[in-house]
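Chemist: So the chains spell out like this:
Number of protein chains: 2
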Amino acid sequence: MRVPAYAAPGARAPLAPFAVDRRDPGPTDVQLEILFCGVCHSDVHQARDEWGSAKFPMVPGHEIVGRVTRVGQGVTRFKVGDLAGVGCMVDSCGRCEPCRRGTEQYCTQGAAFTYNSTEMDRTTPTYGGYSTQVVVRESFALRIPAGMDPAGAAPLLCAGITTYSPLRKWNVQPGQRVGIVGLGGLGHMGVKLAKSMGAEVTLFSTSASKQADARRLGASHFVNTKDPEALKAHAGSFDFLLDTVSAAHDVQGFLSLLRPGSVMVLVGAPPEPMKVGAMALIWGNKALAGSLIGGIPETQEMLDHCGKHGIVSDIEVISMQKINEAYERMLRSDVKYRFVIDLASLKT
Amino acid sequence: MRVPAYAAPGARAPLAPFAVDRRDPGPTDVQLEILFCGVCHSDVHQARDEWGSAKFPMVPGHEIVGRVTRVGQGVTRFKVGDLAGVGCMVDSCGRCEPCRRGTEQYCTQGAAFTYNSTEMDRTTPTYGGYSTQVVVRESFALRIPAGMDPAGAAPLLCAGITTYSPLRKWNVQPGQRVGIVGLGGLGHMGVKLAKSMGAEVTLFSTSASKQADARRLGASHFVNTKDPEALKAHAGSFDFLLDTVSAAHDVQGFLSLLRPGSVMVLVGAPPEPMKVGAMALIWGNKALAGSLIGGIPETQEMLDHCGKHGIVSDIEVISMQKINEAYERMLRSDVKYRFVIDLASLKT
Chain A
11 MRVPAYAAPG ARAPLAPFAV DRRDPGPTDV QLEILFCGVC HSDVHQARDE
61 WGSAKFPMVP GHEIVGRVTR VGQGVTRFKV GDLAGVGCMV DSCGRCEPCR
111 RGTEQYCTQG AAFTYNSTEM DRTTPTYGGY STQVVVRESF ALRIPAGMDP
161 AGAAPLLCAG ITTYSPLRKW NVQPGQRVGI VGLGGLGHMG VKLAKSMGAE
211 VTLFSTSASK QADARRLGAS HFVNTKDPEA LKAHAGSFDF LLDTVSAAHD
261 VQGFLSLLRP GSVMVLVGAP PEPMKVGAMA LIWGNKALAG SLIGGIPETQ
311 EMLDHCGKHG IVSDIEVISM QKINEAYERM LRSDVKYRFV IDLASLKT
Chain B
11 MRVPAYAAPG ARAPLAPFAV DRRDPGPTDV QLEILFCGVC HSDVHQARDE
61 WGSAKFPMVP GHEIVGRVTR VGQGVTRFKV GDLAGVGCMV DSCGRCEPCR
111 RGTEQYCTQG AAFTYNSTEM DRTTPTYGGY STQVVVRESF ALRIPAGMDP
161 AGAAPLLCAG ITTYSPLRKW NVQPGQRVGI VGLGGLGHMG VKLAKSMGAE
211 VTLFSTSASK QADARRLGAS HFVNTKDPEA LKAHAGSFDF LLDTVSAAHD
261 VQGFLSLLRP GSVMVLVGAP PEPMKVGAMA LIWGNKALAG SLIGGIPETQ
311 EMLDHCGKHG IVSDIEVISM QKINEAYERM LRSDVKYRFV IDLASLKT
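Chains as they are written, first to last, in this note's numbering: chain A, 11 to 358; chain B, 11 to 358.
Quick caveat, the hints were computed from the structure, so don't treat them as lab data.
There's no promise every hint is true.
Since the list can't tell identical chains apart, any single copy or any two copies may satisfy a pair.
Straight-line distance between alpha carbons at most 27 Å, and here's what the computed DSS-like set of lysine-lysine pairs gives [what the hints assert, rightly or not]:
#1 K357 to K65
#2 K236 to K318
#3 K179 to K318
#4 K285 to K346
#5 K346 to K332
#6 K357 to K318
#7 K285 to K179
#8 K318 to K89
#9 K285 to K242
#10 K285 to K205
#11 K89 to K65
#12 K236 to K285
#13 K357 to K89
#14 K346 to K236
#15 K242 to K205
#16 K285 to K332
#17 K332 to K242
#18 K236 to K179
#19 K332 to K179
Owing to the predicted nature of the structure, the values given are computational and were not obtained by experimental measurement.
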């Protein structure tokens with residue numbers, strides 16, 4: 011079926027109305043009427059071909075929450091009327107070691123990402139959530155916990171899992187001192203999630219104006235990273251750091267804040283290579299790690315965790331027609347903390 | 011008691027005969043007649059004040075094996091006639107969290123390192139193993155397994171624990187693919203230890219001439235790192251990498267060899283900051299970590315492991331009088347793979 015969407019026609023053109031074909035649901039597919047779709051920084055990077063692999067026309071959007079409207083005959087986990095989510099992936103081979111481990115983003119055949127990618131036939135382009143409908147394999151659809159606000163849930167599908175996964179993988183424990191670097195779409199989820207795991211959270215930001223918000227979101231402490239003395243006061247005191255900043259910044263300086271044997275994980279990717287002295291890692295047995303979204307089983311675990319702890323994203327709901335303006339505002343950090351498109355605006 | 015030693019009188023002077031005072035053993039001390047002392051790269055760095063914290067005159071040496079000649083009345087783990095080892099540390103506070111965790115190198119008061127440091131009174135200088143006797147707290151003396159060659163055992167006290175600790179901490183398992191980067195004093199221990207843990211070991215070296223030795227030491231594969239195609243063939247295939255190289259080199263290139271979720275640990279410290287792109291860590295959930303020697307309990311565990319597996323260091327035994335020549339040869343990598351001083355040469 012042909013459904014309305016918004017697409018980037020090319021790297022230098024604003025997003026504009028478009029239409030995409032969605033397949034009829036196969037035996038293991040579910041069809042969703044999309045209710046809400048979050049706006050991720052990577053939408054802008056890819057729509058503007060800043061990562062060098064853009065396929066146009068491109069329909070961005072991988073933070074999708076919708077209502078199940080049709081299910082294939084073999085579908086067992088969803089029924090018509092359920093809420094469901096779709097994150098960064100819509101399929102993978104399912105047989106390779108990374109897939110079997112539940113890390114489908116590292117499928118050795120290459121996962122089918124939700125947009126700017128292809129289905130596993132390697133031919134059919136994938137189109138994302140800036141659209142009114144999507145059809146996806148049941149195994150890549152996530153259950154939205156009962157009672158969760160569907161608009162606030164949408165950003166959990168990318169910003170949520172991106173920050174949840176490293177906190178879990180590196181085993182953050184109640185009472186530990188956790189630092190979150192940067193307060194944006196990722197950082198605000200990092201604060202909420204680390205707090206929900208029982209950590210004592212410190213927010214590091216270059217903007218003193220974010221102190222009140224940091225505390226409201228759950229941070230016990232705030233450090234202005236423009237003040238070198240404030241940073242020094244925390245030397246060697248953190249059990250874990252999550253760095254969400256994608257602008258150039260002094261990563262090595264943050265390593266000095268870790269206790270011996272601790273880890274700092276990057277989820278934002280500064281454009282230039284970082285400069286890190288080997289001794290900053292050797293002295294203190296420290297690790298600098300990276301983390302990319304998360305697999306499907308862990309995404310469901312994250313949603314269930316958020317349901318249990320009453321966590322959703324802080325959002326500003328916009329109409330589909332405001333997307334180009336939203337991109338500009340997001341680049342200025344002028345959003346607290348995630349834009350979410352109400353797809354009802356595309357149906358009228 | 012006053013005992014013969016060799017000391018660096020200053021940063022630019024060769025090592026020369028010297029004498030040091032050793033305390034009478036207290037109730038919890040053991041006195042060792044030093045039989046052998048390994049020659050570590052850090053001996054040269056510190057004797058030449060290349061790390062900027064040298065105290066002269068300096069008696070280097072922290073890979074010590076000796077015979078117990080006196081024990082304090084409270085000593086329970088050693089008796090006269092036992093072989094014992096002393097590594098990089100001779101004391102620590104014993105009460106802080108890192109000490110209680112058995113990571114005395116991170117004692118919050120600062121450990122008493124074996125030389126170029128002070129005892130915990132922060133006044134008495136420590137002098138290392140280029141000497142005929144040493145007195146040390148029982149809790150910092152290591153048991154040398156029965157039947158182990160005392161000369162070959164000496165380098166285990168630094169080179170051995172430095173490579174053993176990261177292999178254990180990052181949980182290297184039988185059958186895993188482990189890469190060791192560089193074949194020197196550290197690298198050759200890395201190959202032997204990884205092999206003894208059941209790993210399938212690959213040695214990476216810039217010197218094709220080291221291939222035969224790598225295989226003799228236990229490596230199943232050899233990769234000449236000057237051949238970019240050879241490196242590419244191993245992309246994404248390693249479960250763990252241990253980088254022992256202290257010269258400048260392309261660390262990021264090795265990260266591409268790791269499988270998703272894997273770790274590369276640095277134990278050599280290149281002088282210039284490394285340049286690492288964030289995406290090299292984010293894509294693949296990889297970690298770049300460091301590791302510094304190891305604590306006392308783990309050093310004993312390493313010695314016991316080596317005893318069980320028949321592992322010692324490959325060494326060239328020299329007299330104390332040849333130390334300055336040995337430094338020059340070591341800087342040219344002209345040793346397979348560790349010089350060990352026979353302290354009998356200082357007693358005659």
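Chemist: Hint by hint, note whether the structure agrees.
Modeler: Hint by hint, here is what the structure shows:
1. K357 to K65: within (25 Å within a copy, 77 Å between copies)
2. K236 to K318: neither (36 Å within a copy, 53 Å between copies)
3. K179 to K318: within (20 Å within a copy, 34 Å between copies)
4. K285 to K346: Intra 31 Å, inter 33 Å, cutoff 27 Å: neither.
5. K346 to K332: within (16 Å within a copy, 69 Å between copies)
6. K357 to K318: This pair counts as neither: shortest intra-copy Cα distance 33 Å, inter-copy 72 Å.
7. K285 to K179: both (25 Å within a copy, 25 Å between copies)
8. K318 to K89: This pair counts as within: shortest intra-copy Cα distance 22 Å, inter-copy 60 Å.
9. K285 to K242: Close inside one copy (19 Å) and across copies (24 Å); limit 27 Å.
10. K285 to K205: neither (30 Å within a copy, 33 Å between copies)
11. K89 to K65: For K89 and K65, the Cα distance exceeds 27 Å both inside one copy (33 Å) and across copies (75 Å).
12. K236 to K285: Result: close both inside a copy and across copies, 19 Å intra and 23 Å inter.
13. K357 to K89: Result: close within a single copy only, 23 Å intra versus 87 Å inter.
14. K346 to K236: Only inside one copy: K346 and K236 sit 22 Å apart there, 50 Å across copies, limit 27 Å.
15. K242 to K205: within (23 Å within a copy, 42 Å between copies)
16. K285 to K332: neither (39 Å within a copy, 40 Å between copies)
17. K332 to K242: Neither: 43 Å inside a chain and 45 Å across chains, both beyond 27 Å.
18. K236 to K179: For K236 and K179, neither the intra-copy (30 Å) nor the inter-copy (35 Å) Cα distance is at most 27 Å.
19. K332 to K179: Neither. Shortest intra-copy (37 Å) and inter-copy (51 Å) distances fail the 27 Å Cα cut-off.
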